[in-house]
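Q: Assemble the whole structure, with the sequences as input and the hints as a guide.
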Amino acid sequence: MSSPLILLPGDEIPSEYLPSSSSAPLRLGPGLRLLSQPPSSKPTSSTPSHVLTATQAGIFTTDAKKNAVSILSSPNRRYIPVVNDLVIAQVHHSSPDYFHCMVTPQAPHVVLGQLAFEGATKKTRPMLKQGDLVYARVLSVGLGAGAEVELTCVNPATGKAEPGGLGHLTGGMVFDISNGMAVRLMRASSASGQQQQEDGVAGLVVLDELGKKLEKVGGFEIAVGRNGKVWVDCSNGGDVAVKATVAIGRCLTTIDQHDLVPADQKKLVSRILREMKIEV
Amino acid sequence: MVGPTASLSPLVRADGSASYQCPSTGSNILGSVNAPVELPGRRDALKPEDATVEVFVKPGTAPASVGERYVEGIIRGVVGRLILGRERGYQRRGVVITLAIVGGENVSRGDSYLTLLPALLHTALLALLSASVPLSMTFSATVLSVDAAGKITREPSAEDAAAAKSLHVLAFSSKGHLLLNESQGAFDFDTWERVRERASAICHGTSVGEDGDVAMVESADGQPLEGTIRETVEDQVHRDYSWKIDAA
Chain A
4 MSSPLILLPG DEIPSEYLPS SSSAPLRLGP GLRLLSQPPS SKPTSSTPSH VLTATQAGIF
64 TTDAKKNAVS ILSSPNRRYI PVVNDLVIAQ VHHSSPDYFH CMVTPQAPHV VLGQLAFEGA
124 TKKTRPMLKQ GDLVYARVLS VGLGAGAEVE LTCVNPATGK AEPGGLGHLT GGMVFDISNG
184 MAVRLMRASS ASGQQQQEDG VAGLVVLDEL GKKLEKVGGF EIAVGRNGKV WVDCSNGGDV
244 AVKATVAIGR CLTTIDQHDL VPADQKKLVS RILREMKIEV
Chain B
157 MVGPTASLSP LVRADGSASY QCPSTGSNIL GSVNAPVELP GRRDALKPED ATVEVFVKPG
217 TAPASVGERY VEGIIRGVVG RLILGRERGY QRRGVVITLA IVGGENVSRG DSYLTLLPAL
277 LHTALLALLS ASVPLSMTFS ATVLSVDAAG KITREPSAED AAAAKSLHVL AFSSKGHLLL
337 NESQGAFDFD TWERVRERAS AICHGTSVGE DGDVAMVESA DGQPLEGTIR ETVEDQVHRD
397 YSWKIDAA
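Taken in order, these protein sequences are the chains called A and B. Each residue of the first sequence is one higher than the one before, counting from 4 in the working numbering. Each residue of the second sequence is one higher than the one before, counting from 157 in the working numbering.
To be clear, the hints were calculated from the coordinates, so they are not data collected in a lab. All of these numbers come straight from a predicted model, not from anything done at the bench. Mixed in with the good hints, there may be bad ones.
To be verified - Residues from chain A shown here face chain B by an in silico Cβ test under 10 Å; the list is partial:
| # | residue |
| --- | --- |
| 1 | Ile9 |
| 2 | Pro12 |
| 3 | Ser18 |
| 4 | Pro28 |
| 5 | Gly32 |
| 6 | Gln59 |
| 7 | Asp66 |
| 8 | Ser76 |
| 9 | Ser77 |
| 10 | Arg80 |
| 11 | Arg81 |
| 12 | His112 |
| 13 | Val114 |
| 14 | Leu207 |
Idealized CB from N, CA, C, for every residue including glycine.
A: Next up, the structure:
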């Protein structure tokens, strides 16, 4: 793909861009709709019997594996919870059945069941205080106005914290990043280790680079929430734990604000570690 | 002819925003869109399957009054037809469009809003695109003045508009349909037909000559407005996804 196909609402998708396999039905992602019929009344086998139209402005992408097409629209929007998103929430207050948490400051509180933790029973359940952080999955978003969003830290089917790491986040520090950056970080951190590319996954090499440089101070933990939050902890770091945590946060927020390319990301990591006097 | 300039997402906290400058009319508009938002009050009963579109026009120096109400109604009529309010997450919610006039000639009470209307419409459209609100199509709009001698001026300045015999605002969808026609002053059908042809040429860049040839009028009118809007959006997409586009 040399030049991406950028569409505006109302643009029809040229049929040569659509995946050609006809075995599975085509799945329409966000930003695409069947809005109109082709002008010719009798569809033949060569011409498709439908016209796909973009409803949002953005890049047209296809996923050959899932036979899906969608539009990547502007990435830095306000976060709106979607089922199965991983988010970092802050406990605001608790009631007998639920913790009431904040996911985004401008939205109403979301609820997290007191027993929605791995191994929690009525006798042994986590005692979260106001201001505590949890890494949770969006279980359900209600319909209509005033609907409550529910989070969970456990897979209801298995009773395990899946994927690993869900639950109370102790120690560490949270940094604000843009929503688009959060999505890129999630892709980069889930794919790192499996494939070593020159430019990293999603154009990010910062995590690999930090991992290499901070190996001596005991490495670090990171949790990325789709709501534009990233939690960093270097509890193994001993003396430099706090410095390393802040350095990682500074790297991530600077890369986010200035849209740095991989080469600049590497330079930034070494510069910040030098400035913070963390010997590597 | 210097065309308008625009940029997407200048505001950080709004869901979508756009700023728009039109040098020939001197207008400078900043627009923001918040969508989908919970609206205060219960409007579910009126249209339970559709989104509510609200438009606010804020003049730079005076409180909004009748003139702004009037132009808000026109803008709501145009964009309300384009917004797909039945998409998931939009039913019973609101799409709030706020347009602030931050520069240019002030429209005093009782003056015509038509000179500003295309700029307001374009800002609203770009802000909606920036907020990724689902739309069925895009549009472009222009204002033309006809003076006593029958000469058509594109996007007249405030003095030209005051001296004109009639003013016309026309908006065309990206599929070429006429979406909006607001006129004021005295004119006849032939004048309107000439105005429509010129406006269509300004918005889409082509006009059909007498022999059926399609003549490009880029030399006279600069880039067609639709192209300007497309380029603005493409620039922003390239900036947002530079990491993805460079890697591919």
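Q: If a hint holds in the structure, say so; if it does not, say that too.
A: So, going through the hints one by one against the coordinates:
no.: 1; hint: Ile9; in the structure: holds (5 Å)
no.: 2; hint: Pro12; in the structure: holds (4 Å)
no.: 3; hint: Ser18; in the structure: violated (18 Å)
no.: 4; hint: Pro28; in the structure: violated (19 Å)
no.: 5; hint: Gly32; in the structure: violated (12 Å)
no.: 6; hint: Gln59; in the structure: holds (5 Å)
no.: 7; hint: Asp66; in the structure: violated (14 Å)
no.: 8; hint: Ser76; in the structure: holds (4 Å)
no.: 9; hint: Ser77; in the structure: holds (5 Å)
no.: 10; hint: Arg80; in the structure: holds (6 Å)
no.: 11; hint: Arg81; in the structure: holds (5 Å)
no.: 12; hint: His112; in the structure: violated (14 Å)
no.: 13; hint: Val114; in the structure: violated (17 Å)
no.: 14; hint: Leu207; in the structure: holds (8 Å)
The structure shown violates the earlier hints numbered 3, 4, 5, 7, 12 and 13.
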